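Enquirer: Listed below are the residues making up each chain.
Protein chains: 2
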Amino acid sequence: MEQISEVMSSFIASLNDNKIVRLYENVPQGKRLRAKLILKIAKTSPDAVKLAAIVEMIHAASLLHDDVIDDANTRRGKESFNAKFGSKSAIMMGDILYSVAFSRLAEFPKDVAACLSNAVALLSAGELSDVELSKRFNTDRSRYLNMIYRKTASLIEACAASAAMLEGYNSDDFALYGKNLGLAFQIIDDILDITSSEKILGKPALHDFKEGKVTLPYLYMYKKCDEKDKEYMTTLYKKSLNSYESAWIKEKMKEFGAIERSVKEAKKLGYEALKAVEKYEIDGLREIITQMIERDF
Amino acid sequence: MEQISEVMSSFIASLNDNKIVRLYENVPQGKRLRAKLILKIAKTSPDAVKLAAIVEMIHAASLLHDDVIDDANTRRGKESFNAKFGSKSAIMMGDILYSVAFSRLAEFPKDVAACLSNAVALLSAGELSDVELSKRFNTDRSRYLNMIYRKTASLIEACAASAAMLEGYNSDDFALYGKNLGLAFQIIDDILDITSSEKILGKPALHDFKEGKVTLPYLYMYKKCDEKDKEYMTTLYKKSLNSYESAWIKEKMKEFGAIERSVKEAKKLGYEALKAVEKYEIDGLREIITQMIERDF
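Chains A and B are the protein sequences, given in the same order. Mapped onto the working numbering, the consecutive letters of the first sequence carry residue numbers 1241 to 1537. Mapped onto the working numbering, the consecutive letters of the second sequence carry residue numbers 1241 to 1537.
What the hints contain is simulated information worked out from the structure, not anything from laboratory work. Computed from a predicted structure; not experimentally measured. It cannot be assumed that every hint is accurate.
A pair holds if it fits inside one copy or across any two, identical chains being indistinguishable in the list.
[What the hints assert, rightly or not] Result set (SDA-like, lysine to any residue): computed pairs, CA atoms no more than 25 Å apart in a straight line: (1) Lys-1328 x Lys-1479; (2) Lys-1464 x Ile-1522; (3) Lys-1519 x Glu-1242; (4) Lys-1259 x Arg-1376; (5) Lys-1328 x Ser-1374; (6) Lys-1375 x Asn-1256; (7) Lys-1328 x Leu-1385; (8) Lys-1490 x Asp-1380; (9) Lys-1490 x Leu-1514; (10) Lys-1259 x Asp-1448.
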């Protein structure tokens, strides 16, 4: 992973701009899950590290812009880049990271470059779709799944597929692995917003519902509620919840098994991800699924 | 030009997202100067229209983000996209245009894709540099020229060079043409901020200086001022100027021939641009220079 950070820094250094270097030092590094995924699949390719660095740069750019769009002052418990340097710097730094990543991606074979850049187009469209869906109470499960596919899973799908291209595997198998992994990852993220404590998340629990995001457990809960409860649930949407209201939501979720059903769905996707690539017998692909699903932050 | 708009719309339509299509209808079309440049150079290439559409998409994306960063409520006299739909929509729409452009660019030969994506990295870095230079009174001519090279000329340089690649010309010659054309274009833009009326520009004259931008005519003027006038000029920096102060600046510029010298410099760059490609005897390259230099908005 250190090698990846070094390659990313060298990309930035090549711009010959001290201000950009200084700002870049404050871009959060994240868990490098996408890089790990690429390195697990493209084990022998000499270009895997470079591809992983490009993808982490794209991911970092998308988070910088996301935090501006979501007015987020914190990211994983720490002050966000936009809170520290202002929204404008975050927009510009995001643009720099995206464009540097694309210019390095242009050095790769066409199929790799097309695969990843298509995913970024889906990702950007997914961000807009996330904002749109958060405007009013969405009860349409397929719209939610399509949004998280674009916003989260498309890039992970492209990571797995492009790494497979580098390694000479069938990229469709790995695209399916990555897509299901990405969907499972986002579903778990959405569950943790409900089940984790503020201390672990760095933001209050049930934050998503207040922000207008009707995630999978809420969709299950809503479907199971009777008309009266449906109506009450709607009144809580986008509200700062008091302890009674939070408790009511959590109680109803418990009654309907909304969390368990969502976890089960994520695990099913994880299983399908593994099935798509089991014949390759690659060490570590199961661990990535497990790490992404059985995490608490 | 209509064909280019159609190709751009088809790129957007392929995202299958009605909201994006509706927002895209409100993205200003601009004068398509970069597209015209590409079509003039790559006269016989079947891919020229597609490349021109990609470049116009990149240019539109950069303007959407620029207007957010500059807090601009108008663009060429009309309400800006961010003023109409909010900064967040402008950020997201810019990201969508950039990423769609890059994903289409990945279908081009590597050298074309690398040339244009490198330019976008310079462009993004140039935007940051513009903001940095606007923080305090900059009197360093080379820093100003380096900034306008990155922010404006690099993309025009890449347009000319990549079109030359499509057509099988020596791309270095056309890069030099594009670079000098781009620098001249920006210098003229900066001059028009001083000499044009508010009615034509859609913003008050001397707007740049108020925004912290010390452009070429100001650099000339400052250099020629005596110590007392240098000091007075500095007190006017970033200020809303009253009519006396505006008149003083214009008077001093007249006294030192700051506008004439800047125009002369732009024309010299235009001449050097033409010299770089004269042996190709391509119709219209001179007209592009003339149109860009002898314009009033």
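Enquirer: Of all the hints numbered above, which does this structure not satisfy? Sort the numbers upward.
Expert: Checked against the structure, the hints that fail are numbers 2, 3 and 9, while the rest are satisfied.
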